[in-house]
Amino acid sequence: MGALFSFVVVILLILLAYVGVAAVGMQSFFGIVIPYVAVLVFLVGVVYRVIKWGKSPVPFAITTTGGQQKSLEWIKQAKLDNPSSSTGVVGRMALEILLFRSLFRNTKSELRDGRLAYGSGKWLWLAAMAFHWSFLIVLLRHVRLFETPVPSFVNLLESLDGFLQIGAPRLFLTGVILLLAVTYLLLRRFYVRQVRYISLAADYFPLFLIIAVASTGILMRYFFKVDIVSVKELTMGLVSFNPTVPAGVGAIFYVHVFLVSTLFAYFPFSKLMHAGGIYLSPTRNLANDSRAVRHVNPWDYPVKVHTYDEYEDEFREKMIKAGIPVEHYPAPSPEELEKEFGDKDAGVPAGKEE
Amino acid sequence: MAKKTPKPEELSKVDYRRPRKGWMDIPVEFKEGMFCNGTRPGYLETVGMPNPRKWAPKDEDWKLPENWKEIVLNGMQERLEKYRSFRLFMDICVRCGACADKCQFYLGTGDPKNMPVLRAELMRSVYRRYFTTSGKIMGKYAGGRELTLDVLKEWWYYFYQCSECRRCSVFCPYGIDQAEITMIGREILNLLGLNTDWIAGPVANCYMNGNHLGLEPHTVKSNIEFMVDDIEEITGIKVEPTFNREGAEILFVAPSGDLFGDPGTFTAMGYMMLFHEIGLDYTWSTYASEGGNFGSFTSMEMGKRLNYKLYAEAKRLGVKWILGGECGHMWRVVNQYMDTWNGPADFLKVPVSPITGTRFENAASTKMVHIAEFTADLIKNGKLKLDPSRNDHLRVTFHDSCNPARGMGILDEPRYILKNVLNHFYEMPEETIREKTFCCGSGAGLNASENMELRMRGGFPRANAVKYVHQHHGVNMLANICAIDRAALPPLMNYWVPGVDVAGVHELVANAMVMKGEKERTQDLRLEDLPEKEGAENV
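Heads up: the protein sequence lines correspond to chains A and B, in order.
Taking our numbering, the leading residue of the first sequence gets 1, the next gets one more, and so forth.
Taking our numbering, the leading residue of the second sequence gets 1001, the next gets one more, and so forth.
If we strip away everything but chain A, and leave its shape as in the complex, we get (with noise of 0.2 Å):
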């Protein structure tokens, strides 16, 4: 259900666009009031988010650790894994972020007649990996509409991406990966029956969109080819504040806009808000170190304890029978104590046995 919902409100989305330009004319609003209003809802709400998770605190150090602590110094820490520095922790936030370490390390557990066996299940490592970064270089490239001179980290990027030379305008490698990769993320929703139980609309309309996304992009360059000066004259007024409407832009140029604009407007309130996020995970961000440096909760309060001496009053007479030391021995009589421990000794029971 989620992901017929999905699919549909996509389509919606397309065709709401398609027909706001192709039939109503609205090319103004699609085109400067539509990015306008998502990069604005964009940019507040991420800051919104962020600041909404900084306000709650970190009470605990609370760091998952993956390998071997610094304990001793002839055993070896994982410090990455386990770090117990900043420098250490940079490293494994890194490694989280650019290589995302900890899906690195999945497995995919089978269980037959009665025995369970690990295998590697590095795929969605894999398409994950690829779908994000060629996501981010897809992103990159688009630099070149909003800039004049074209930044000379563009042209570079451009050229390995299109190193294989084909087509015109060339076939540019991480616009097929960035569709494969999505595709697979998307199918595994469907077959991998865990997944498919645990997917929300929530996980199945940004997948769906970032899919339409990258289809009119790739149908926009290669196919019906629009016309790429007037885009980047519309692009161009949008990032000086001096925006137009060039005439001969074809709708689906609005269409991927308004799709894109989505995609930013619904960013901050969905979780693709993860991208934030992991930067704030206190498992990952934390060193630990919490027993050579003292982690403080802010919010700490004093709380109802049991002391020594209510322990001692509950169970003084038991202790001393038992001859546990114990700070208040009922005053005895002097015979008593004579008695009891002898002259030398009076008063200061010995803490061991005899």
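It should be emphasised that the hints constitute simulated quantities derived from the structure, not laboratory data.
Heads up, the beta-carbon is just placed ideally off N, CA and C, and yes, glycines get one too.
Hints are all accurate, no fakes.
From chain A, some residues computed to sit far from chain B (all C-beta separations above 12 Å):
(1) ILE14
(2) TRP133
(3) GLU147
(4) PRO149
(5) VAL150
(6) THR235
(7) GLY248
Covered stretches of chain A, going by a simulated chain B footprint (3 or more residues, C-beta under 8 Å):
(8) 50-56
(9) 71-85
(10) 91-102
(11) 193-205
(12) 266-273
(13) 291-298
(14) 311-325
Straight-line distance between alpha carbons at most 27 Å, and here's what the computed DSSO-like set of lysine-lysine pairs gives:
(15) B:LYS1004 <-> B:LYS1153
(16) B:LYS1082 <-> A:LYS271
(17) B:LYS1054 <-> B:LYS1031
(18) B:LYS1519 <-> B:LYS1380
(19) B:LYS1436 <-> A:LYS76
(20) B:LYS1113 <-> B:LYS1031
(21) A:LYS122 <-> B:LYS1436
(22) A:LYS55 <-> B:LYS1069
(23) A:LYS108 <-> B:LYS1467
(24) B:LYS1385 <-> A:LYS76
(25) B:LYS1004 <-> B:LYS1113
(26) B:LYS1320 <-> B:LYS1349
(27) B:LYS1238 <-> B:LYS1516
(28) B:LYS1113 <-> A:LYS122
(29) B:LYS1069 <-> A:LYS52
(30) A:LYS304 <-> B:LYS1082
(31) A:LYS321 <-> B:LYS1238
(32) A:LYS79 <-> B:LYS1436
(33) B:LYS1349 <-> A:LYS76
(34) A:LYS108 <-> B:LYS1436
(35) B:LYS1082 <-> A:LYS52
Given the coordinates of chain A, assemble chain B onto it according to the supplied hints.
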């Protein structure tokens, strides 16, 4: 127990097929053998926790306060503001499913609500409905769910089928930790008096008597004296432990499980033999006679209230630092909570081994050292005379306990010790050890008897790996550094892998340790004949 646990052959046929209905449409069913009894009122009264009354999980009426829903939602709100972890873990899960088959309770039950992601969704769905704009407006379409009594019961059933082992957290790309969600979930359930009897009992005992078992001071002493007698019988040496002794250099705190019942007592004997041999100036305390902390399975506040005794007693006795025994969740608490809760322990000194002079900088603030760190250092510095052949009748593997592995990272210290005190050591498959270790199935207060089927199911992946080394290398001893393991693994082994025994690391250390002035040993710490000696006598 109303229901007999099914045979292993039956239990190992786990059905992982996807149920036809969506999980929100399947109401919780309390299956015999899969849950613990509800707490009796007396335990809650002892520590002053809310809503003490007689109740049972299968009852229709849980005798909750009128405004229970408000209490739960306010409880969530409060914790969303207090714990970044909670808010973040509610928000950022992408349901990639990497955690799904990492949980031993899912692997052992096939119940999709035991997948960490879905266990979290039980609460996340309520979070979305009441605490996010989209959920408030779109309800079910945004993955939201009304908080009903059935949902509350579902929380209870599944938050007490999680052993807070953190295995899912190792595999999660964002480090989402179901243990944290379970802990907060249980904390909220406890606002309504919804603890289990098996957790609330030890909590009340520990609060009043100083340890989970409720041993009174003279019993702590006499239990230890029994062990002293056994040690004398085995070695001819009379060790002389002291109790509540002011001015000792070190306060030693062990899990109370080691003072009561095999094979924990053998571990305790091992500690005392070691301390005697190196002449350590230490004392036991009958007041701080528990390193474990069932309070931490109840609420952060209860954890802090029980943990208070350790520093308080160290201060009263005027010791320099604290040495801690072999215990799992105790070390999660010591490593990640104790100093924050009840520190700073500025009245203590940075721990220095009086035998080797090693300064434990890694414990510079908390001032508490793990006995495996302590002993590894002794061995490295050649302070112990060891005869590993005394353990030649044992073929040993090591079970990393969840908390020391994933809430601390004490992995190589116990291995180093084991390799020095015995000759036959074999690792289980790498996906099942170190940070990827499986839980015994009974952690976080699940080691009751009425939920035996759950424990056998949860321990299935661990047992499966033991079975592997049992069959391939003839392993007959499962070593560990956790008192709950020592209580929970013997029945698990009996059930799944008969022929494998369970021992604490320090039992094996003391077996191998040649003590000054000892008589020729013919028995191990279990008072069983050492095999070669038996042979020699027969000649």
